[in-house]
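2 protein chains.
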Amino acid sequence: MEKTDDFVKQITKKSEDFSRWYTDVIKRAKLADYAPIKGVMVIRPYGYEIWELIRDQLDRMFKDTGHQNAYFPLLIPESLLKKEAEHVEGFAPEVAWVTMGGSEPLEERLAIRPTSEAIICSMYAKWIKSWRDLPLKINQWTNIVRWEKVTRPFLRTTEFLWQEGHTAHASCKEAEEETLSILEIYKTFIEKYLAIPVITGLKSDSEKFAGALKTYCVETLMPDGKSLQAGTSHHLGQNFSKAFGIRFENKNQELEYAWQTSWGVTTRLIGALVMVHGDDSGLILPPEISPVQTVIVPISRGDWKETILPQAENIYHELKQNNIRVILDDRDTYTPGWKFSEWEVKGVPVRLELGPKDLEKKQVVLVNRINRDKKFVPVENLVETLKKLLADIQSELLSRARAFNASQTHIARTESEIIDIIETRRGLVKTAWCGSPQCEIPIKEKASATIRAILDQPDSQFEKCAICGKAPRHTVIFAKSY
Amino acid sequence: MEKTDDFVKQITKKSEDFSRWYTDVIKRAKLADYAPIKGVMVIRPYGYEIWELIRDQLDRMFKDTGHQNAYFPLLIPESLLKKEAEHVEGFAPEVAWVTMGGSEPLEERLAIRPTSEAIICSMYAKWIKSWRDLPLKINQWTNIVRWEKVTRPFLRTTEFLWQEGHTAHASCKEAEEETLSILEIYKTFIEKYLAIPVITGLKSDSEKFAGALKTYCVETLMPDGKSLQAGTSHHLGQNFSKAFGIRFENKNQELEYAWQTSWGVTTRLIGALVMVHGDDSGLILPPEISPVQTVIVPISRGDWKETILPQAENIYHELKQNNIRVILDDRDTYTPGWKFSEWEVKGVPVRLELGPKDLEKKQVVLVNRINRDKKFVPVENLVETLKKLLADIQSELLSRARAFNASQTHIARTESEIIDIIETRRGLVKTAWCGSPQCEIPIKEKASATIRAILDQPDSQFEKCAICGKAPRHTVIFAKSY
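Which chain is which? The protein sequence lines are A and B, in order.
Here our numbering is used: the first residue of the first sequence is 1, the next is one more, and so on.
Here our numbering is used: the first residue of the second sequence is 1, the next is one more, and so on.
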């Protein structure tokens, strides 16, 4: 993780150095800070509030669809991790190992969970006996450790927070339905709350989860033209149930192996929020997920504490009662100008200013964080006006990101077209693919791009695989990725 | 951790074998299960729902008093842990050490946090520069690992969940006020929501937190006469700020070390809930913290699906709309009798039965989990009647526990009286103490009891220290402890 100054005074321009801009914004907005361990970050209160909003909303969606939360252990014995062969092969290089307890060496070393299939399956094997025990739909919100070489705050860190769902079903069909219904929850959540448009699709074998039958993903396009995997939903088939002995007696009293899924999203979503919406002045947070939807800044001149402040307080209470997440910044140690830029860095979607003239005219000033557009609006019906403005900002952020995605999605019909676009224009390249892993290799080797998603809609405009020229089986998206 | 059968059919009687009863109830009510690692448990969905209710309520109380949540790393470099001498001495024997990342040995081994003072203080030293940055009041909800030799589900496990608050202040007085205000939050929460009476007080030096100036605690009496430490609030003084260099410029532009506190409660609270309220039939959960406050069991005879079920559904929706946590158990794979005992094991405070006669009479049956008292009540005003019953159960559980505590609190004036009471009657022994660590030793050696709390009220009935006979400085509670 590249270290920057403790206090970033000036934010690098987004157009000048995107990567530097990103870390500047995270530091200046106090979303996160570097911990004194390589590749690890501290999530500061403002960043954590965003995570709480993400968690609470997704948690509601999971519970509404019959999932329950639980808590499984952090440490996984090596022998358990090894039970599913592909799984351990995929994760072993990234595992942090506990080898000592107090002053005594352990008989068997313990992995800090890089994901929890192994430990959860060992419990499911105990709990699942009959068709009556199915489906079993459990989720947990927790921390994960993966020993990463190259790290960036929120996007890839040695430790991160996530949710991981693990379900068991009586049939392949039910497991497939679960996998897809979670994918739909992720898509809905990311578009509706984070205002980030997504592409959903399958991963090719080279990118799928270690041990899964199929991996579905939600991919999101970042402003530097790279694709970010924002969430995955895996159909595990019976791979783990066979390795861990998860069997149930079906209605005909026969023993069958359960069908499983697993799925997760991480604190990486916060990184996506920063990148997609932010500008040269800092964060821009979609109102639905912003810890502060409106900040009230009273213009502190003269006898403002007797005149303006009481009215600001009235407005504060009214907005709060109407479930608007609002802060009244009444600190007298800072000037209004300082506060304006501070809350802009933090991406608060609407600033409400109140000065002596506004008081006279029974109005307030609403400033839109996206374009700094100022509106003088009457105090009467303020809640309604403000809610409308917040909704407008939410939908403006999504349509702006949608327009960007459309402008950065390119069609290619040959290998050289794919490579040329990736190298000169970046973005998403839509093309046709025969389905052979061989045809992914040249693009990876020559342009460091991979298939990000196999789309479920075939596209009749393609007549052959862009690489080998054989009959196309899928429309796919190639891109560089995080 | 003692292993019991996967499926406990019969719960051991509480009076017969308290320890066995405890683990039976935890297994049968599906609160937790043993993980395939020594001393580690899985918190199952029903247990985790209780933890979510505890967390949400405490979290509101912390936020209402100006605390923010954040997330600090799981892994702490050994050199950081060593900075505060007493601290590392206290925790080193319990630390799980990470020594390998992937296939490479680490240059410095990393502790899995046994508590987070060290990592948090290293960040506070960066963040705190001026009096304007104070107070800093941060909390986190997270997992902790302590390599314990003897473990029991919820009470002492190698991994557990907790919240840990860490604050920094400009003066000793402010830090002391914070320490006490958190102690008050713990007391209020445990008595009001968990219906468990507490004793609050200071710890003697031999029991205080490693590195603290003072440790305040909430102690709760269990039915076996042992005291359970349910939460602690530490005034850290300047011990950590000096070790980690947490300094701020005060209003006179002088550099000062910050004054700190830390405080926490854990999933152990769930163990206390089980022990204090449960009976031979299983759990009894106080309504305020029960995931299910009322279970509706329709009497499934004849054409119940056409007659009784629709009315049960109406009632279900009405209760739900009135914010009662309710479940309608309409499974047709189980008999009403089976359901009755299942929900009794799970401690649901009120069971609502609805049969053909009740339908006729426009009534329902409410069964109180404490005493199985049955009430036939009209469907009209059901919400009101039920809320009243839930409130009664909540207060009955607290007063029952209060009466038990009073009956188990004994006065002693001499060493032999203390030892005799501890050995023959258990419970809490109230006595006077001169303040010398020497006078704690004989009680510990001869009766395995320690000072659980130094009370803030002196007690004029004691004329001398029970052990040495010198002038008493404090009234204290001696007891065996978990």
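None of these hints come from the bench; they were simulated from the model.
Be a bit skeptical, because a hint or two may be false.
The list cannot tell twin chains apart, which means a pair is met if one copy fits it or any two copies do.
Below, in silico cross-link-like pairs of lysine to aspartate or glutamate (EDC-like), each with a Cα-Cα straight-line distance of 20 Å or less [what the hints assert, rightly or not]:
1) K63 x E52
2) K320 x E423
3) K38 x E104
4) K187 x D33
5) K137 x E104
6) K339 x E174
Every value quoted in this text rests on a predicted model; they were computed, and no experiment measured them.
Each hint, compared with the structure:
1. K63 x E52: both (16 Å within a copy, 13 Å between copies)
2. K320 x E423: neither (50 Å within a copy, 57 Å between copies)
3. K38 x E104: between (26 Å within a copy, 14 Å between copies)
4. K187 x D33: neither (29 Å within a copy, 34 Å between copies)
5. K137 x E104: Answer is neither: 38 Å inside a copy and 37 Å across each miss the 20 Å cutoff.
6. K339 x E174: neither (53 Å within a copy, 28 Å between copies)
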